[in-house]
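Please model the entire structure based on the sequences and the hints provided.
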Amino acid sequence: MKTKHSIEKPGWDLVAKYLAHETSAAEQEAVETWVAQSEQNRRELQEAKILLEKTDYFYKLKRFSSKSAWEKTQQRIRTEVGVILPQEKQRKLFISTFYKYAAILVLAFLVGVAGYYFGIRNQQNGIYSEIISAEKQVVNQYILPDGTVVALNSNSKLQFPKKFEDGVREVTISGEAFFDVVPDPGKPFIINAGNAQVKVLGTSFNVNAYPENETVEVVVETGKVQVVCSEKLNTQETAEILLNPGEKGILLNSPGKLEKTKNTDANYLAWKTHNLVFENTPLNEVVWQLNKTYHSDIQIKGEYIENLVLTAQFEKKPVDFILNVIQLTFGLHLEQENDMYILSENETLNK
Amino acid sequence: MNRQEEQILFEKIKTGDEKAFEALFRHYYPHLCLYATRILKNDSAAEEIVQDLFVRLWEKRKKTEIETSVKHYLFRAVKNQCLNYIKHNKIKKDYSQKFLAETESAALNDNFETHTELFQKMEESIAELPEKRQEIFRLNRQEGLKYREIAEKLNISIKTVETQMGLAMKTLREKLRDFLVIF
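Just so you know, the protein sequences line up as chains V and Y, in that order.
Every letter in the first sequence is one number past the one before it in the working numbering, and letter 230, counting from 1, is 230.
Every letter in the second sequence is one number past the one before it in the working numbering, and letter 9, counting from 1, is 9.
Just to be clear, a hint being listed does not mean it is correct.
[Claimed, not checked] With a straight-line Cα cutoff of 25 Å, these simulated SDA-like cross-link-like pairs (lysine to any residue) come out: (1) V:LYS60 to Y:LYS62; (2) V:LYS62 to Y:HIS88; (3) Y:LYS159 to V:ARG78; (4) Y:LYS170 to V:LEU51; (5) V:LYS272 to V:ALA239; (6) V:LYS224 to Y:ASN80; (7) Y:LYS146 to V:GLN74; (8) Y:LYS41 to V:SER204; (9) V:LYS72 to Y:GLU22; (10) V:LYS224 to V:GLU279; (11) V:LYS60 to Y:ALA106; (12) V:LYS187 to Y:LYS62; (13) V:LYS163 to Y:GLU59; (14) Y:LYS121 to V:SER66; (15) V:LYS67 to Y:THR15; (16) V:LYS187 to Y:GLN134; (17) Y:LYS79 to V:ASP56; (18) V:LYS60 to Y:LYS14; (19) V:LYS54 to Y:GLN134; (20) Y:LYS153 to V:ASP13; (21) Y:LYS12 to Y:HIS88; (22) V:LYS163 to V:LYS62; (23) Y:LYS175 to Y:ASN155; (24) Y:LYS175 to V:TYR57; (25) Y:LYS19 to Y:ARG61; (26) V:LYS49 to V:HIS21; (27) V:LYS317 to V:LYS54; (28) V:LYS49 to Y:ARG138; (29) Y:LYS153 to V:THR23; (30) V:LYS72 to Y:SER44; (31) Y:LYS19 to V:SER68; (32) Y:LYS14 to Y:GLU102; (33) V:LYS187 to Y:TRP58; (34) V:LYS162 to Y:ASP52; (35) Y:LYS12 to V:LYS54.
[To be verified] Coverage of chain Y stretches by chain V, computed from C-beta distances (three or more under 8 Å per stretch; other residues unrestricted): (36) 6-17; (37) 53-63; (38) 115-128; (39) 141-147; (40) 165-173.
Just so you know, these hints were derived from the structure itself, not from any lab.
Using N, Cα and C, we set each Cβ at its ideal position, and we do this for glycine too.
Structure, rendered in structure tokens:
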């Protein structure tokens, strides 16, 4: 037991506790008695205090990542309205496909893994532009005339005016997209997605509005977003909701019902980021997520394997890397046929 | 970066040197954001304001004349933008002249140039701590969690939190000693 008036130098755990204002009255007294004993002791405590102040300052600055902010800013300073920028991971840039409205340039580029391209077309009146992503193709970054950055998941279409006028920025999406909206209080950013109208009050979020789905989903990453049901079928239901970061709004297309929940899907942006988190996730769900993220064709053979659970994190790893990890972790057999992967029990080991 | 280096950098920026612009950006970005949050109390708004400022600075680089120092210029611009933001969004808070003046002079007097090396060393030293210890230290210092809250969150005893905090401080002090000047 420590005596109340200990003159021993307090241990580091006590010093830390004292500086974190966590000490009991007796402990506090012990530290202060020790400090009062000599100038040397006072300096030692002071030094520890400065150390903590500096680390706190360090942590505060760390909230702001110069790296990602610079990437965004660089995009913006390099962008003249409507110009497409090569992406970080982009390897090739080439021109492809023409749409039916002739005389219009369609730019396409490869992003990340092979085979991704997209097109832009101008409609005949020349006021609207469209970006379209095809099957298995993701547009990682497209910059709208106001600097807003959009990523488009496969099979999606974004329509927007070539110039945002009349005090509003209004676009129409079919499919799934991630928006990082440049704030402009004077010009609200509005997205029409099926029966939902999404109004941006802050910055970045994901909209999932594939026409074949029964729902429109909006997940907010940062900022504030308002979702309004544009086709009110039942006046009893909530006509609009306000979403904060981490929240998800769901609009059931029929009967036009708006709901708000916490977003529990850690991988909702994986189609864009290729960052995946699995926590005790059954392998059949893992595979479903991988197929969705990488547009791959992975199959599992055997119920035993489906129910294995995986806990792992992958940051921007190619799909075959992840499959190798899974294979090694569970001692499975992995074979590849053309574009198809098959995971099965390793019979030589298990039998 | 001292004042003269900054001026040279700014001359380069004027000629369209993006690398120089990036260096300026990276050097000031977190500090300007932190300053803006002191006024706005809102991280994402702060980041937007600072990024917008740099975009505009780049667009107008040829016409921009800096009379004081680059540092003063940037902090002043951030302050003005924050005030605009407050006005625009009709935020009601006490933004008295006194508060603003104090915040500004604190930011400008903060000699963060000399901190660069310390922060680098700190980053390394913290990263070298055992993972659990790092997490406990971060939860306390960055997220401001009480010992009890950390213990609950990580499902460990408060005593363990105490010990780990003590060990973290001991190590950091040993490694960062040279930077801790006492007045």
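For a C-alpha distance cap of 25 Å, please report whether LYS272 (chain V) and ALA239 (chain V) respect it. It is violated: about 30 Å lies between the C-alpha atoms, which goes past 25 Å.
Pair hint LYS153 (chain Y) and ASP13 (chain V), alpha-carbon separation not exceeding 25 Å: Roughly 20 Å separates the two Cα atoms, so the pair holds.
Is the hinted pair LYS72 (chain V) and GLU22 (chain Y) satisfied, with a Cα-Cα distance of at most 25 Å? holds, 12 Å
What's the verdict on LYS170 (chain Y) and LEU51 (chain V), does the C-alpha distance respect the 25 Å limit or exceed it? Since the Cα atoms of LYS170 (chain Y) and LEU51 (chain V) sit roughly 10 Å apart, the hinted pair holds (cutoff 25 Å).
Straight-line Cα separation of LYS146 (chain Y) and GLN74 (chain V) no greater than 25 Å? violated, 40 Å
Take a quick look at whether LYS163 (chain V) and LYS62 (chain V) sit within 25 Å of each other, Cα to Cα. violated, 37 Å
Compare the distance between the alpha carbons of LYS175 (chain Y) and ASN155 (chain Y) with 25 Å, and conclude whether the hinted pair is satisfied. Given pair LYS175 (chain Y), ASN155 (chain Y) is violated - Cα atoms ~29 Å apart, limit 25 Å.
Within 25 Å, alpha carbon to alpha carbon, are LYS60 (chain V) and ALA106 (chain Y)? Judged against 25 Å, a Cα distance of about 15 Å means the pair holds.
For the pair supplied as a hint, LYS62 (chain V) and HIS88 (chain Y), is the alpha-carbon distance within the 25 Å limit? Violated, at about 28 Å.
Has the given pair, LYS60 (chain V) with LYS14 (chain Y), been kept, meaning a C-alpha gap of at most 25 Å? violated, 31 Å
Residue count check for the region 53-63 of chain Y against chain V: does it reach three with CB-CB under 8 Å? holds (count 4)
For the pair we were handed, LYS79 (chain Y) and ASP56 (chain V), check the Cα-Cα distance against 25 Å. holds, 23 Å
The structure fails to meet hints 1, 2, 3, 5, 7, 10, 12, 16, 18, 21, 22, 23, 27, 32, 35 and 36 from the earlier list, while all remaining hints are met.
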